[in-house]
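Asker: Sequence:
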Amino acid sequence: MRALFNKYLNSSLILRVSIALVLGVAVGLIGGQQAADWLAPFGELLLRLLKFLIVPIVLFTLMVGINQANIGSMGRVGRKLFGFYVMTSALAIVVGLLVATLLEPGSGIALDENAEVNVPDNPGFVSVLLRIVPDNIFTAFTELNLLGIIFTAIVFGIALLKLRESEAHAELGEHLFKVVEGLNEITLKVMAGVLQYVPIGVFAIVAKTAGEQGMATILALGDMVMVLYIALAVHLVVYCILMRFYGVGIREFFRAARTPMATAFATQSSSGTLPLTLDAARSLGIPKRIYGFSLPLGATINMDGAAIRIAISAVFAANVVGIPLDLVTMAEIVLIGTLTSIGTAGVPGAGIVMIATVFAQVGLPIETVALLVSIDALVGMGATGLNVTGDLVGTAIVARSENKHQDEPTASGTEPAA
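Taken in order, the sequence shown gives residues 1 to 418; the numbers are from my numbering.
Keep in mind that the hints are not guaranteed to be accurate.
Below 25 Å or equal to it, Euclidean Cα-Cα: the simulated DSS-like pairs (lysine-lysine) are [what the hints assert, rightly or not]:
no.	residue 1	residue 2
1	Lys162	Lys7
2	Lys178	Lys162
3	Lys178	Lys189
4	Lys162	Lys51
Don't read these hints as lab results, they were simulated from the structure.
These numbers come from a predicted model, not from an experiment.
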């Protein structure tokens, strides 16, 4: 038994996660709802463990990263990241519209006008911006308000950097920095232990999803699901082109990114996958001062997979009611969808909120959202996987551009010492 356990620990994590995905689908489809109910607690445990790590990882990693850089470089990195995230979100909607227009999902499906769907309220872009500054630090932590946690880490990280640079309190600043650095290392040790449970949790979550959805749901709206995954694959090719253009090693990137990609696919949570995404960036040799800032921010506002989902859902709804989208409406979807994907990210039911918001703005029937809710989990899995991939792609590209700017090691090189 001990030898078997050691063999499990020493085997490749991505191999274990891949096997867990396949077994989860098989067990879920065979066992149905009964298997879903029995395995649900094991999947919930993984989600709890990952969320348990979010606050210390974001807080300590970002504070340590800031203290390895300077204020000017942080501002430059922030501008590059925000520009990249907005650009790829808009591009994702364009890709989604093109693929969906060619393949026409929703054609031949009749709209049930009596269908009802509860759409969570859209908090609005201004409200999301205000949430960046928490009125209570501890509330930001307990509610997992990533924007608020990032703001807290940046403010205290900059204050610590200024303390270390001051003549009067430099020694105290160094002692405090060592404490924060030590807490960051402890968090990474805890994360290493949590990683060993990831395959078990992924198996349980996938089995639960397959057991609840069933083959009937998958086949009923199979065209919509198929078109979405084709569009996700096309956008993945776009990522590869961008990485090739900036000199990021594609093979090395996906070797490091495949575990967080698979975990995001299973858990449908960008923020919950954040510990694994940070670990992947670290294995790529990306400087901590960059990935400690870019990945928490990306998990909050960068939603390329969700943007593709918006575009395909819009074409799907238009085909269901028999009203093709014109170029003006498509342009409007690109603009509104890009802003909406940023403005509603991280809220409960964010996917449905984004789709309903865009539908309301461009005049598509809100009743079609009820059709999409039935496959929410299936499309959410692929969209979340692409969201996390986009976060890492943006981080690797910005790191590469910073390397050229400051003559630092490449994204596939080694991280400079603290």
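Asker: So, for every hint listed, does it hold in this structure?
Answerer: Do the hints match the structure? See the list:
As the CA atoms of Lys162 and Lys7 are separated by approximately 48 Å, the hinted pair breaks the 25 Å bound. Between Lys178 and Lys162 the alpha-carbon distance is near 15 Å, which keeps this suggested pair within the 25 Å criterion. Among the hinted pairs, Lys178 with Lys189 is consistent with the structure: their alpha-carbon atoms are about 17 Å apart, no more than 25 Å. Proximity of Lys162 to Lys51 is assessed by CA-CA distance (about 31 Å); at most 25 Å being required, the pair is judged violated.
In summary, the structure is inconsistent with hints 1, 4 from the numbered list given earlier, while agreeing with the others.
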